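K.L.:
Read top to bottom, the protein sequences are chains E and P. Each residue of the first sequence is one higher than the one before, counting from 3 in the working numbering. Each residue of the second sequence is one higher than the one before, counting from 943 in the working numbering.
These are calculated hints, taken from the structure and not from any lab test. Don't take every hint at face value.
Simulated DEER-style distance windows between Cβ atoms [what the hints assert, rightly or not]: (1) E/Lys132 with P/Lys1021: 55 to 65 Å; (2) E/Lys132 with P/Tyr1078: 48 to 58 Å; (3) P/Ala968 with E/Asp52: 43 to 53 Å; (4) P/Ala960 with E/Lys132: 26 to 36 Å; (5) E/Glu190 with P/Leu1006: 38 to 48 Å; (6) E/Ser179 with P/Leu1006: 34 to 44 Å; (7) E/Glu174 with P/Ala1005: 33 to 43 Å.
For lysine to aspartate or glutamate, the following DMTMM-like pairs were computed, each having C-alpha atoms within a straight-line distance of at most 20 Å [stated by the list, open to error]: (8) E/Lys178 with P/Asp959; (9) E/Lys197 with P/Glu985; (10) E/Lys95 with E/Asp52; (11) P/Lys978 with P/Glu950; (12) P/Lys996 with E/Glu160.
Here the structure is a predicted model, which is why all the values come from computation and not from measurement. Glycine included, each C-beta is placed from N, C-alpha and C at the ideal position.
Below, each chain spelled out in residue letters.
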Amino acid sequence: MSVSTNHRNPDKYLVDRVLNGDKQAFATIIHNTEALVAQMVFRMVPRAEDRKDLVQDIYIKVYSNLQGFRHQARLSTWICQITYNTCISYLRKKQLLLPGYDNESSDEEDIMPVQGPVAADESDAQLFNKERLMILQAAMEKLSPIHRTLVTLYHQEEMSYQEIGVITGLPEGTVKSYLFRARKALKENLLLNYKKEEL
Amino acid sequence: MISQHISEEDIQLYVLDASKVKEEVAQHLEQCPACKARVKEYEMLFTGIGSLPKASFDFDVAALVLPQLPEKKKASSYKIAGITIAVIAAAGLISLPFILLQFRVNELWENISPWLIGLAAVMAVAFIGISLWEMYERYRQQIRKLNFE
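One chain only, chain P, in its complex shape (with noise of 0.2 Å):
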């Protein structure tokens, strides 16, 4: 059995559940009448919080909330159906030119300036560098929104 008093954290652990203690400290609060009231105590304390009135509102919070609802966008199938069109277009164009030189890839790029495909790269890295940053900044202003930040 422990000889010192058991602190104030395991007092509160004790009174909280008492199979998360140590078996020395349960035994210690079974024979020191001091620690015991510090265990009567907290047991007191939570018993009361326990028997606090709870809160509620005054006033019916539907009734004020339902008609300041701001309307919301339809995610409408058309919408869905716009988008899927336009990823296919954008696939046939990306495509296009592949398909009318009949895959000869080897020759396009062999044909084509090192320059030109410099640039091409710039601007593609420059255009996925922008939309990601865009993303970023609409994910930030939806975080703000929820005062996350």
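In isolation and in its complexed conformation, chain E is listed as follows (with noise of 0.2 Å):
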């Protein structure tokens, strides 16, 4: 059975359904936002086997703690603030978030693999074809766990500077710095290695 969302406020209506003890509820829920809790998840935790316990403990985190959710934001930022706090949390566990770890890339990380661009992205493809595209991932992972959020919230899921400070707790400023420096970072990473190529 399918929860609808077809409602005025769709959050408002899923979360009282799963107060009332509607379990299907809270995977309509899952669905909704596991898109942008994956999106999250690879950019902060490099070890691909403790992103499943770290998602189980997300979404039982946000179970546990939705009667407390009081819709002064959307369901899905408060559950991306639950996703990055809960991969913080990790990383000072796992020693990660170490200082200088920005210019570190780690043996273990598990890049994600650059599939072909899609037809519909043609124009894209023109200007950034795939060894680009290699290589931009690669700079990526160069980029701290937080730098390297932070431009994916802004430039993929295109969120506002206000909308990354209510999820991450950090001050306006502070996440237009960072993003300043990563993008800075990324282009300068990105020119190294055409230099490169081309000697």
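Fit the two chains together into the complex; they arrive one by one in their own frames, and the hints show the way.
P.N.:
So this is what it looks like as structure tokens:
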């Protein structure tokens, strides 16, 4: 049985259903948010084998604390907040959030495979071919987990600085500053790779 | 027009939203090949990030999570009714002496020793303090659960 979200406030409707014991409504919440959670977990957690436990942990926290959700933000934003905090906590425990991590790339990192560009993005494909995407992917992996996540949320998920600030708990100015540094580092890394290729 | 090259920050801002940079910056960018090339680099970068494949889990998240969910303690209407009755009973108990003494409050205070009033006040303050501390501890536990700390 699927839960219809055709409602004026689908977040509130789903939350109320879950609070009344409807677990299928929680499955709908998972389906609605798992893509965003995956984007964050993949950017922040280098070890593939830890991601499964973490995503389970994240959604159990969401379920257990749903009663405290006050609808002051979108449900997806609140879930992203829990995802971010859970991942940060994991990185701290694993000591992967040490200063200087920005410039290190772990050998254990499970780099996401770059697939061929989809047909709809033909113009993008012309500008940025598969090889360049691989270089960009590698450059992304060299960023710190936090910088990588901010770049993903801003450029891929098209979130505003304010929204990212809410999720990460960072002031808007800090989000802007981190993003500026991350973009600069990415650009420099890419240029360096192109120069190496040209030589 | 600005004669110096544009800062990295303004280049990024221009690529993200050209309307947000100063007019002099935009003018310089139109005429400076070096800065134009830097704009192109960022445009390529942003296009590239947008084209990166999105991450997705290779397992069914709902199927993994649903069996692990703890059983919810239902906030039943009985509980709400119980709290309401308790509040009314407490209010009744507190007001009972005043009702019995037909609101002769002034006389009541005169007959009670100041030491007893002091003791009652200290106990009330201690009770409120302990209750507030417990509430704060419960809040902290909740926050810790969410890893907001």
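K.L.:
Look at each hint and say if it fits the structure.
P.N.:
Now for the hints, and whether the structure bears them out:
no. : hint                                : result
1   : E/Lys132 with P/Lys1021: 55 to 65 Å : holds (60 Å)
2   : E/Lys132 with P/Tyr1078: 48 to 58 Å : holds (55 Å)
3   : P/Ala968 with E/Asp52: 43 to 53 Å   : holds (47 Å)
4   : P/Ala960 with E/Lys132: 26 to 36 Å  : holds (30 Å)
5   : E/Glu190 with P/Leu1006: 38 to 48 Å : holds (40 Å)
6   : E/Ser179 with P/Leu1006: 34 to 44 Å : holds (37 Å)
7   : E/Glu174 with P/Ala1005: 33 to 43 Å : holds (38 Å)
8   : E/Lys178 with P/Asp959              : holds (14 Å)
9   : E/Lys197 with P/Glu985              : holds (18 Å)
10  : E/Lys95 with E/Asp52                : holds (12 Å)
11  : P/Lys978 with P/Glu950              : holds (12 Å)
12  : P/Lys996 with E/Glu160              : holds (13 Å)
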